[in-house]
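Asker: Chains as they are written, first to last, in this note's numbering: chain A, 1 to 273; chain B, 1001 to 1273; chain C, 2001 to 2324; chain D, 3001 to 3324.
I should point out that these hints are in silico values taken from the structure, not numbers from a laboratory.
Mixed in with the good hints there might be a few duds.
Unchecked claim - If you anchor each label on the Cβ, the simulated ranges turn out as follows:
| hint | chain 1 | residue 1 | chain 2 | residue 2 | range |
| --- | --- | --- | --- | --- | --- |
| 1 | A | A81 | D | G3321 | 15 to 25 angstroms |
| 2 | A | A207 | B | R1084 | 27 to 37 angstroms |
| 3 | D | A3151 | B | G1238 | 53 to 63 angstroms |
| 4 | C | G2297 | A | R82 | 26 to 36 angstroms |
To be verified - Take a look, some chain D residues computed to stay more than 12 angstroms from chain B by CB distance:
| hint | residue |
| --- | --- |
| 5 | A3070 |
| 6 | S3071 |
| 7 | D3165 |
| 8 | A3225 |
| 9 | L3241 |
To be verified - So the derived list for chain C, only partly shown, Cβ under 10 angstroms to chain A, looks like this:
| hint | residue |
| --- | --- |
| 10 | S2149 |
| 11 | A2150 |
| 12 | A2151 |
| 13 | A2225 |
| 14 | G2321 |
| 15 | E2323 |
Idealized CB from N, CA, C, for every residue including glycine.
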Amino acid sequence: MTAAQVAATVMDVRRKGDYVALRLAAPRIAAGARPGQFAALAVGGSDSPMLLRRCFSLAGWDAGGIEVVLAVTGRGTAWLARRRPGDVLDVVGPLGQPFRLPERPQTCVLVGGGYGAAPLVPLAAALRAAGCPVRMALGAAGASRLMAVAAAEQIADTVTVTTDDGSAGRRGRVSDVLPDMLTGVGTVYACGPMAMLAAVARLAAGAGMPSQVAVEESMACGVGVCMTCVLPVIGDDGRTRMTRSCLDGPVFPGDRVRFEAVGTVPADAVGAP
Amino acid sequence: MTAAQVAATVMDVRRKGDYVALRLAAPRIAAGARPGQFAALAVGGSDSPMLLRRCFSLAGWDAGGIEVVLAVTGRGTAWLARRRPGDVLDVVGPLGQPFRLPERPQTCVLVGGGYGAAPLVPLAAALRAAGCPVRMALGAAGASRLMAVAAAEQIADTVTVTTDDGSAGRRGRVSDVLPDMLTGVGTVYACGPMAMLAAVARLAAGAGMPSQVAVEESMACGVGVCMTCVLPVIGDDGRTRMTRSCLDGPVFPGDRVRFEAVGTVPADAVGAP
Amino acid sequence: MTDPAVRLDPAVSLAGVTFRGPVFTASGCAAAGRELAPYLDLGTLGGVVTKSVMRAPRAGRPTPRMAETASGMLNSIGLQGPGIEAFLAGDLPWLAERGIAAVVSIAGHSAQEYGELARRLRGAPGLAMLEVNISCPNVESRGQVFACSAAGAADVMAAVRREIDVPVFAKLSPDVTDIVDIARSCVAAGADGLSVINTLLGVAIDTRTLRPVLSAVTGGLSGPAIKPVALRCVWQVHAALPTVPILGMGGIRSGLDALEFLLAGASAVSVGTAIFADPGAPARVQCELLTALAARGFGAVAEAVGVAHGLTAPREVVAYGDEL
Amino acid sequence: MTDPAVRLDPAVSLAGVTFRGPVFTASGCAAAGRELAPYLDLGTLGGVVTKSVMRAPRAGRPTPRMAETASGMLNSIGLQGPGIEAFLAGDLPWLAERGIAAVVSIAGHSAQEYGELARRLRGAPGLAMLEVNISCPNVESRGQVFACSAAGAADVMAAVRREIDVPVFAKLSPDVTDIVDIARSCVAAGADGLSVINTLLGVAIDTRTLRPVLSAVTGGLSGPAIKPVALRCVWQVHAALPTVPILGMGGIRSGLDALEFLLAGASAVSVGTAIFADPGAPARVQCELLTALAARGFGAVAEAVGVAHGLTAPREVVAYGDEL
Ligand SMILES: Cc1cc2nc3c(=O)[nH]c(=O)nc-3n(C[C@H](O)[C@H](O)[C@H](O)COP(=O)(O)OP(=O)(O)OC[C@H]3O[C@@H](n4cnc5c(N)ncnc54)[C@H](O)[C@@H]3O)c2cc1C
Ligand SMILES: Cc1cc2nc3c(=O)[nH]c(=O)nc-3n(C[C@H](O)[C@H](O)[C@H](O)COP(=O)(O)OP(=O)(O)OC[C@H]3O[C@@H](n4cnc5c(N)ncnc54)[C@H](O)[C@@H]3O)c2cc1C
Ligand SMILES: Cc1cc2nc3c(=O)[nH]c(=O)nc-3n(C[C@H](O)[C@H](O)[C@H](O)COP(=O)(O)O)c2cc1C
Ligand SMILES: Cc1cc2nc3c(=O)[nH]c(=O)nc-3n(C[C@H](O)[C@H](O)[C@H](O)COP(=O)(O)O)c2cc1C
Ligand code: FES
Ligand code: FES
């Protein structure tokens, strides 16, 4: 289950809406993978002017390989989207803390925003395998930014889709439909933009149920050595620390993340100035 | 005849001994090209950490395109050697001063060292077209570093081959065989390493005949704006100046280049410290 | 070259002189313009900043004069050039005849030499502005570079100021402990504006010969590698001297790079090393910059200057479509 | 990890302490080693230089703390860390138990704080050497960075020297007018060696938000982009102080990069930012470096130190097959 650095051959590159799905031959990473973990991909080759790895949720895996699904948002993702089968990528994974599965079967709600849906598909599969009914809510800005709806429909008991512009599913945000989905639910899981996670964690807490959120902070190393990926998280001792999301996250209990203080160092954080 | 910057599609990539020949669709460059001129190829794409163009002699051209033949000696040439048909390169050319053809037919000797043979093939063709008998001497460290021998044999009246290790042709240097080739010759042309050019220029001068040599200095811009490619050359006024080999060369009269002073600023150069 | 979709007026004003656009060629990276004419229309640019000229002709350094480095290059040209006389006879008239604004860069080894150069340039046709390259060793001060001493820099700027009435920009070196200190000193001595930055001193070693690559051992580092340092210098100088116009440079190769400099406080920019990769770069960068400014709703180039310092409300993260 | 074909003894000696190899992790780029254990055998390295530790726990700067730049990156972590107590309780023992040489980096806001940290480290098991990060603002001197003042740097080094008897290296900043001046001052105050260099101050602007990328506005520039500046600093310091050992760093990502540092005058090197691209980088670089040294006929790492300064006859240009 420790992470490994591997040379992974690209097996398949497919366009899916606004996303590109890369399937990579990486059995060592696949062997240890759990839902919510991520992989860090080097970009641009060995003399690349892009020094930092790009991190992507593990969107799926089997004995032979892993899949990541990416949105092209900058130079590194553009480079990755240009890869072809047979190309070899330098990949580190599986990284980070996975979603925790419930100790016994209970109904779970999974909320994904944009490419935040990626880790929810393997999570849904794992929950179903553990006997948990699964309700999913997937939202995006528009239809082409929705991800994994078909896969979700195969696995989940119910799937609710929202788009900001109404181009697919219900017009609005996933957080609008969430309250109606919480009856009889054990745990809420979420992955997506920070504002969405904050809303989900708040709604879950309001309904008196635990949530687990996978956050996304800029990461320089992905392996815990650089301290760029921190956010204020409350520890078991009740004290807030600037916590590495690559090592201690990306999944945190929703009630531990100080969402209102992300992007700041709260005055009560350990070591605050 | 002015140089142009073009987006040239790679038409063909072929391995030839230790070299890689690239054929590029670049009609505008081909239209103005003359033997001895060169092209400057951008490497690595638009965000490349390699900022500088790589310069290569025009080894051939026709209505549709140009050919360059390169030895992989560093990162830029390694990148170029990995190009595939259909890739698009940013090319500037034709650049620099060409070899001057004799005013009337006369026997010419063409001496090439390693990839210095590249510009001699089109030069030989032009000389033959102008009615000049052509004798060629091509040398290299070993057989795999010889270039263009077959093409030379088709065009030239005689071709003499030397290798330092004796793996092809006569063992030794081109300058060893040159003295025997000079009888009845009008002009000597040469392209290759600086030491070879110096020997050729000396032998030609000793035999009382003009020479034209194509030099190779590290070039940052290739177009005359940076002043990195200079060497001490004697001007028409008899004074030595640090002269740009990209703009005023790469072809110079052999007796104008201060070979002994290359890599220095001779004390008698204009503006010497 | 300007995209017709761009409604933005490209003109910029530096110390009272109006230039046609916000992008200039950087000194030493465009000779005196002529060699670039096949690749772009120099007349659309802000102007050509000419290679630093000295009093006498100069042969420069021995080769090798350059080394490529990661996203950068080192050069040690050693200010090779024809001297002011030949420059006035040949280079400047070529620009003037074509109506291309000339920013003449001068260099010397004593304040007096700088002053003399300015005097020679007085009234020269086509001269729009002077850029004073103070990254030269001062023979009167044990070879210390003028730009590395507030007093040395001020002496030069005062000597130039006395001799000429076009705007005079001092070109600052980043290789100092406190660039704001040097900037203030230049402005106090009469500089109308500041060119920020010259190259950083660097070394490269050849692992085959086991010797320095450059014959001069050290050279000036330029190119995208230095852009963060250049932006930091522009940021610091603009924060300290918000009314002093800055010509920003260092590693610009795209319109968004140029935009970073405006937002950090530069009123206009120079493109240098990028020309070696792309001889049409200055015109391309200007076109991209104007398009990017328009996409962000700026009505004039000057509106973007210093915006990153936050005197106006911050924007939401917006995609403008030109980021890739 | 060492290639069995390499007959070269990898050990190096710094100020009398012998380390297993010439390559170290750079401070702040490997935490205290533990997180890298899945990716390389730390025991083959020279040692782990730990993230600079301060007296008290520190939360660091708000995010965003990093920006990628051309062949480089900016960081403004703000020395987040657990404080010396937790470091001594957890981090150092982890290294000591595994026999990994620990070079402990310390940082403070006053000479007294540095001295106190050194005192706390006295006799700590596993401690091989101290690296003193003097790129911190000095609260007693209007926030001027210690490394930017010869006197400030000397105060710190003297305070540390008094408290501990393992070798003490001062880590120099390149952001100064005269790095040799600072180097001399540190050595005069008792530094046994010098770590060269820390990051360069830089800025990046976000062209979508029109604001600085980093919450702290400025950050430290590292990575291959700065290698020429780092080599220049090593060159200058070694030329001025040829007997003082240098731990060289700045942009190393291959064995040939590391070789450049040795040839310029470093006795050993640290690998920092390259770890983010390749968590196994320090071991890979060390293996490549030893192979490259052997290919060039060196019998020991120390034989290569400073060779580029030319005290021995230059070599012909030779191809060693490791250049591409
Ligand atoms: C744990 C985790 C999981 C992620 N999963 C996915 C996924 O499944 N699919 C997907 O499309 N994207 C995912 N992302 C975001 C993805 O990492 C970024 O979109 C990507 O790094 C952008 O790289 P770029 O070169 O295109 O952009 P650039 O802006 O050029 O990147 C510059 C630098 O900033 C970092 N960076 C930029 N944007 C982000 C971001 N949003 N989050 C983290 N780092 C960023 C990059 O890693 C790089 O170091 C994930 C991020 C994290 C941290
Ligand atoms: C006018 C001219 C014509 C040339 N014709 C040919 C040819 O036909 N075939 C061929 O194989 N090579 C030719 N060369 C040499 C070729 O330009 C270099 O081999 C190539 O630039 C090396 O690039 P690199 O990235 O592989 O090496 P690197 O060492 O990584 O290059 C680093 C930098 O140094 C410059 N450089 C390195 N070696 C040379 C060199 N020998 N000459 C000039 N610049 C150099 C590069 O352009 C680049 O800017 C010619 C050079 C010149 C100046
Ligand atoms: C080859 C070369 C020559 C240069 N010559 C000069 C010069 O003569 N005068 C000067 O002020 N700056 C000179 N510079 C510095 C540039 O004008 C510019 O300040 C610096 O290169 C940073 O910008 P860039 O990264 O866009 O090149 C030169 C730079 C290079 C690369
Ligand atoms: C994220 C990050 C954190 C750093 N933290 C420290 C630190 O705590 N103490 C220190 O002395 N240097 C620190 N540095 C500087 C490095 O140790 C090193 O001097 C510099 O990055 C240059 O080397 P590199 O290019 O190999 O990274 C840090 C660098 C980075 C990139
Ligand atoms: S990304 Fe480096 S510590 Fe988390
Ligand atoms: S290569 Fe730039 S002037 Fe010749």
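Asker: Take a look at whether the Cβ-Cβ distance between C:G2297 and A:R82 falls inside 26 to 36 angstroms.
Answerer: holds (32 angstroms)
Asker: Was D:A3225 rightly flagged as not at the interface, with every chain B Cβ beyond 12 angstroms?
Answerer: violated (9 angstroms)
Asker: Holds or violated: is the Cβ of C:A2150 closer than 10 angstroms to a Cβ in chain A?
Answerer: violated (33 angstroms)
Asker: Minimum C-beta separation from D:D3165 to chain B exceeding 12 angstroms: can you confirm that?
Answerer: At roughly 44 angstroms from the nearest Cβ of chain B, D:D3165 sits farther out than 12 angstroms, so the non-interface label holds.
Asker: Falls inside 53 to 63 angstroms, the C-beta gap from D:A3151 to B:G1238?
Answerer: holds (58 angstroms)
Asker: Quick check for students: does the CB of D:S3071 sit more than 12 angstroms from each CB in chain B?
Answerer: Not fine: 5 angstroms to the nearest Cβ puts D:S3071 too close to chain B.
Asker: Would you check whether the claim that D:L3241 is not at the interface survives, using Cβ distances to chain B and the 12 angstroms cut-off?
Answerer: holds (29 angstroms)
Asker: State, for the Cβ atoms of A:A207 and B:R1084, whether the hinted interval 27 to 37 angstroms holds or is violated.
Answerer: Violated: the Cβ-Cβ distance is about 57 angstroms, outside 27 to 37 angstroms.
Asker: At a threshold of 10 angstroms, is the proposed contact between C:A2225 and chain A supported by beta-carbon distances?
Answerer: holds (9 angstroms)
Asker: Next item in the hint list is C:E2323. Is there a CB on chain A closer than 10 angstroms to its CB?
Answerer: Holds, about 7 angstroms.
Asker: Return the status of the interface hint for C:S2149: holds when the least beta-carbon distance to chain A is below 10 angstroms, violated otherwise.
Answerer: violated (35 angstroms)
Asker: Per the hint of 15 to 25 angstroms, is the separation of the Cβ atoms of A:A81 and D:G3321 within bounds?
Answerer: Since the Cβ atoms of A:A81 and D:G3321 sit about 35 angstroms apart, the hinted range of 15 to 25 angstroms is violated.
In terms of the numbered hints stated before, the structure departs from hints 1, 2, 5, 6, 8, 10, 11, 12, 14, listed from lowest to highest.
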